[in-house]
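If you read the sequences in order, they're chains S and A. Residues 622 to 934 in the working numbering are what the first sequence lists, from first letter to last. Residues 2 to 526 in the working numbering are what the second sequence lists, from first letter to last.
These are calculated hints, taken from the structure and not from any lab test. Virtual Cβ for every residue (Gly too), placed ideally from N, Cα, C. Just so you know, nobody snuck in bad clues.
Covered stretches of chain A (chain S as the covering partner; in silico rule of three or more C-beta atoms under 8 Å from a C-beta of chain S):
1. 38 to 49
2. 68 to 78
3. 221 to 228
4. 242 to 253
5. 269 to 276
6. 375 to 388
7. 426 to 438
Some chain S residues flagged as far from chain A (calculated, every beta-carbon gap over 10 Å):
8. E717
9. G807
10. F890
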Amino acid sequence: MSVDAPLEIVGRGHQGLRRAADLAKSGTPVVYREPGLRAGGRLITESFLTPFRFNLGPALVHRRLAGAVPVIEPDLLVAVAAWRLGRDARPLSAAETVAATLDASEVDDPETRAVLTALALLLGIDPDAPWSGAGIVQGAADLADLVLVGGGNGSIPAAWIDEIVAAGGTVIEGLSPWQPEPPLEGSLGTCRLFVGVRGAGPSLDAFATAYGFSDESSLLEGLSELRHGRVGSPLGFVLSNAHLDSTPTTGAITSFVWQGPVPSRDGAFSRYAYIEDVLAAVGVDERDVIFRLLWLPAETREILGGTPSYLDS
Amino acid sequence: MTEYDVLVLGGGLSGGLPAAAYLQKAGARVAIVEQGVDAGRFYLSYELYPGVRFDHSPVNFSGLSPAIGDLDLESHGYALAPPPVTLAAMDGRGNSAVFYPDMARTCAELARYSPADADTFGALLGRLFAQAPALLKAAFYTPHPDAAAYSEAVQMTAEVLQMTEADLLRTTGPELLESLFESDEVRRFVTALPALNLFGDLLQPGQGALAWAWSLMLRAAVAPGGNQSLVKALERSFVASEGTLLRNTVVHDILVEGGRCVGATVTPFGTTDVVTLRARGAVISNLGAPLTGRLLGSHAWPALSGWKSDNRVLTVQDLVLRRPLDLPEDVAAAPRVYLVWDSWDECVNWLAQSRTDSAETYFGDIELTQFHRIYPGAPNRFGLRVRYGTGPYIDDAWDARKGPFAERMRGILGALDPELDAIVEYEHTASPLDFWRSNPAATHGNPIGGDFVGGQWIEDRLPYRSPVPQLYLSNAVWPPALSWLAAGYNVACVVAEDLGIREQPWWHHQPGSWFAARAAAAESA
Ligand SMILES: Cc1cc2nc3c(=O)[nH]c(=O)nc-3n(C[C@H](O)[C@H](O)[C@H](O)COP(=O)(O)OP(=O)(O)OC[C@H]3O[C@@H](n4cnc5c(N)ncnc54)[C@H](O)[C@@H]3O)c2cc1C
Numbered sequence: 622m623s624v625d626a627p628l629e630i631v632g633r634g635h636q637g638l639r640r641a642a643d644l645a646k647s648g649t650p651v652v653y654r655e656p657g658l659r660a661g662g663r664l665i666t667e668s669f670l671t672p673f674r675f676n677l678g679p680a681l682v683h684r685r686l687a688g689a690v691p692v693i694e695p696d697l698l699v700a701v702a703a704w705r706l707g708r709d710a711r712p713l714s715a716a717e718t719v720a721a722t723l724d725a726s727e728v729d730d731p732e733t734r735a736v737l738t739a740l741a742l743l744l745g746i747d748p749d750a751p752w753s754g755a756g757i758v759q760g761a762a763d764l765a766d767l768v769l770v771g772g773g774n775g776s777i778p779a780a781w782i783d784e785i786v787a788a789g790g791t792v793i794e795g796l797s798p799w800q801p802e803p804p805l806e807g808s809l810g811t812c813r814l815f816v817g818v819r820g821a822g823p824s825l826d827a828f829a830t831a832y833g834f835s836d837e838s839s840l841l842e843g844l845s846e847l848r849h850g851r852v853g854s855p856l857g858f859v860l861s862n863a864h865l866d867s868t869p870t871t872g873a874i875t876s877f878v879w880q881g882p883v884p885s886r887d888g889a890f891s892r893y894a895y896i897e898d899v900l901a902a903v904g905v906d907e908r909d910v911i912f913r914l915l916w917l918p919a920e921t922r923e924i925l926g927g928t929p930s931y932l933d934s
Numbered sequence: 002m003t004e005y006d007v008l009v010l011g012g013g014l015s016g017g018l019p020a021a022a023y024l025q026k027a028g029a030r031v032a033i034v035e036q037g038v039d040a041g042r043f044y045l046s047y048e049l050y051p052g053v054r055f056d057h058s059p060v061n062f063s064g065l066s067p068a069i070g071d072l073d074l075e076s077h078g079y080a081l082a083p084p085p086v087t088l089a090a091m092d093g094r095g096n097s098a099v100f101y102p103d104m105a106r107t108c109a110e111l112a113r114y115s116p117a118d119a120d121t122f123g124a125l126l127g128r129l130f131a132q133a134p135a136l137l138k139a140a141f142y143t144p145h146p147d148a149a150a151y152s153e154a155v156q157m158t159a160e161v162l163q164m165t166e167a168d169l170l171r172t173t174g175p176e177l178l179e180s181l182f183e184s185d186e187v188r189r190f191v192t193a194l195p196a197l198n199l200f201g202d203l204l205q206p207g208q209g210a211l212a213w214a215w216s217l218m219l220r221a222a223v224a225p226g227g228n229q230s231l232v233k234a235l236e237r238s239f240v241a242s243e244g245t246l247l248r249n250t251v252v253h254d255i256l257v258e259g260g261r262c263v264g265a266t267v268t269p270f271g272t273t274d275v276v277t278l279r280a281r282g283a284v285i286s287n288l289g290a291p292l293t294g295r296l297l298g299s300h301a302w303p304a305l306s307g308w309k310s311d312n313r314v315l316t317v318q319d320l321v322l323r324r325p326l327d328l329p330e331d332v333a334a335a336p337r338v339y340l341v342w343d344s345w346d347e348c349v350n351w352l353a354q355s356r357t358d359s360a361e362t363y364f365g366d367i368e369l370t371q372f373h374r375i376y377p378g379a380p381n382r383f384g385l386r387v388r389y390g391t392g393p394y395i396d397d398a399w400d401a402r403k404g405p406f407a408e409r410m411r412g413i414l415g416a417l418d419p420e421l422d423a424i425v426e427y428e429h430t431a432s433p434l435d436f437w438r439s440n441p442a443a444t445h446g447n448p449i450g451g452d453f454v455g456g457q458w459i460e461d462r463l464p465y466r467s468p469v470p471q472l473y474l475s476n477a478v479w480p481p482a483l484s485w486l487a488a489g490y491n492v493a494c495v496v497a498e499d500l501g502i503r504e505q506p507w508w509h510h511q512p513g514s515w516f517a518a519r520a521a522a523a524e525s526a
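Sequences and hints are given; from them, build the entire structure.
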């Protein structure tokens with residue numbers, strides 16, 4: 622039997638880790654080195670110094686990715702004003718932009734146009750971007766397969782790492798904490814505000830509840846304002862985190878994530894004024910806030926583009 | 002239904018995780034039931050912004066633990082290094098002392114206040130380190146209560162302090178310091194760490210002197226991969242020897258049948274399934290005394306519910322700064338800086354106050370961790386942790402108390418650096434209630450599993466072997482939790498003895514052997 626030197630893999634993304642797990646299971650000796658604090662790319666669940674769990678990247682993942690990790694299927698994915706999007710949408714035929722795709726697919730009613738345009742935004746698709754039509758076609762087709770991960774997205778890389786280690790491989794994390802990132806390309810990016818509150822938090826009747834727009838045209842207008850650097854009343858979604866809130870020992874506490882498009886340029890607007898505006902918009906009293914942390918596009922590294930950003934294999 | 006030899010409830014860093022890793026490596030089939038994605042809830046690391054790394058528990062004592070060698074943690078990705086500077090202590094009058102791993106440098110610092118005290122301190126540490134492996138073994142890495150080991154530890158400590166055992170057992174911490182050191186500053190600076198109440202009430206006769214002397218053995222190192230790399234290495238050592246790590250799984254009940262502990266019922270996070278897990282040989286509860294009592298229901302014994310975990314808790318303030326805090330140059334090089342009392346009288350009064358329910362205690366012994374000194378990161382953001390000296394839990398009103406606490410602390414830091422407000426980019430304060438909310442095993446957020454001020458010292462801690470056959474405890478035992486992994490080591494020893502698997506060729510490292518190996522390597526170089 623030949624003793625091969627282990628295969629060295631240096632990675633950041635979740636695909637690299639998954640590949641390493643597959644190789645390890647098939648008998649290849651693997652050493653996986655993650656320069657950052659945690660392996661798994663954007664599949665990270667973080668508590669910071671709080672009783673909550675937050676997915677740092679997109680909350681929705683493709684069912685395929687989860688493997689044996691338990692998943693949850695939210696009944697209602699998107700709520701815009703009185704309109705709701707469930708877990709399936711009619712097939713769409715792609716044109717250049719989202720609106721053109723809806724036209725080409727003869728989606729006429731304002732409800733469906735609003736929720737599908739909102740779905741695009743939720744999935745990190747800029748509805749005006751070229752190829753965003755293809756993006757929403759893909760997103761709508763995958764709708765029934767988009768799930769939430771029971772213990773948080775970080776449970777997936779944790780399972781892969783256990784597989785690598787159980788197969789005799791090694792995973793080393795955290796040894797080079799920081800490398801400069803290239804500047805972001807694109808005018809709008811996704812921000813995430815992680816919030817934990819005392820009490821019940823905002824009332825939500827879908828996984829993602831829209832704020833700051835009520836239909837397709839007010840959404841597109843809002844995005845156009847943002848593209849010109851005008852950050853007015855917050856536009857985005859409150860994402861439910863109910864699947865990650867465990868029962869605390871003492872009193873009810875709730876967490877949620879605000880996800881919204883904002884100018885991607887550093888210093889384009891005031892971080893703290895934005896946080897205040899979001900909390901006011903969603904009806905959370907500052908005095909109930911246990912934790913709040915805003916990651917701007919420079920930190921989420923998510924640019925609004927033409928393709929869906931949910932995590933896929 | 003699934004059956005194991007050993008079931009470990011709660012994969013805490015100090016107790017459950019090392020215990021499971023030892024027993025699995027020794028050949029038992031072990032499962033850990035842990036509510037979190039990751040085990041070691043209080044020992045994880047995180048980044049408030051990418052590249053700005055914090056540790057939940059910043060001080061790393063793992064170099065003292067035999068587990069580093071026994072479990073071969075370095076082969077599981079754990080790296081540990083001695084820090085160039087150990088810590089600094091500074092008072093409000095501008096006096097300070099920096100402590101280095103190099104004893105001569107430390108003595109030179111103390112000699113600025115008293116050459117005689119510097120000599121005393123150097124000689125005392127020399128004698129202590131010569132005894133350290135045996136003393137660590139007798140005092141901590143033994144499943145106490147063990148009268149013989151305790152008396153051996155007292156005897157060794159008396160030798161180190163050059164006093165009789167009888168005198169030692171009559172002496173409080175302040176009395177010992179007053180007998181050893183003439184300088185007001187030296188007394189205060191060498192009390193910064195023991196005053197955190199890590200393992201003893203300094204004002205109790207005997208206990209106070211022992212707790213102070215033993216705290217000098219608490220040598221810290223740094224883990225460049227983040228302190229959570231210790232959690233990860235333990236998890237991986239466990240999984241590599243085919244242990245079953247049930248992440249995201251919550252324990253509901255501990256099962257007792259026919260007078261013996263036989264398992265637990267659990268629920269995987271995000272489901273409503275109730276699953277019964279059975280253990281043939283042992284159930285180790287790392288869930289703290291009060292929660293273990295609740296989960297045992299009518300099988301609990303009185304000492305569990307009478308256990309005091311309601312005191313000596315921590316408040317923590319994380320700051321992200323645009324530049325490091327402005328500190329004197331030598332102090333600024335230290336990863337940890339203690340802001341201490343302005344006089345010895347003030348220190349002794351504070352120690353007395355810290356046994357009461359006064360919230361003022363929180364502002365007497367403040368620990369700053371300059372994370373950029375440990376984890377060089379982004380050039381424009383610097384992580385600073387402020388840990389308030391241990392204080393009482395007080396009541397459930399911590400959400401409202403956090404704001405005023407944080408503001409007062411900003412005032413204290415602002416006195417050091419007048420531009421503070423302009424350089425704070427982000428701030429978050431976590432209270433004892435938050436720690437309890439995130440880890441129900443740590444009642445009221447108590448980080449070390451019980452209250453010495455409440456009279457729970459060595460002989461009064463809970464036993465590793467509980468009164469319920471086959472149920473063992475790895476929390477609320479002696480010694481207290483912390484990152485030296487002693488509770489997990491000790492419970493693994495007793496369970497392995499009971500299962501007849503204690504004799505293992507790899508299970509032989511001495512406490513402190515990681516430091517000893519470094520010292521030997523440095524000497525031969
Ligand atoms: C703010 C703070 C700062 C600290 N700083 C330091 C430091 O600098 N250095 C140091 O050495 N120590 C420090 N400590 C202490 C140290 O972190 C703890 O002593 C140690 O981690 C405790 O380990 P343990 O195994 O005893 O218990 P725990 O960590 O309490 O273990 C309990 C485990 O059980 C899990 N659990 C709880 N309930 C359930 C349930 N129902 N079902 C399943 N699982 C459950 C928890 O998630 C946890 O992982 C600090 C602690 C705190 C709170």
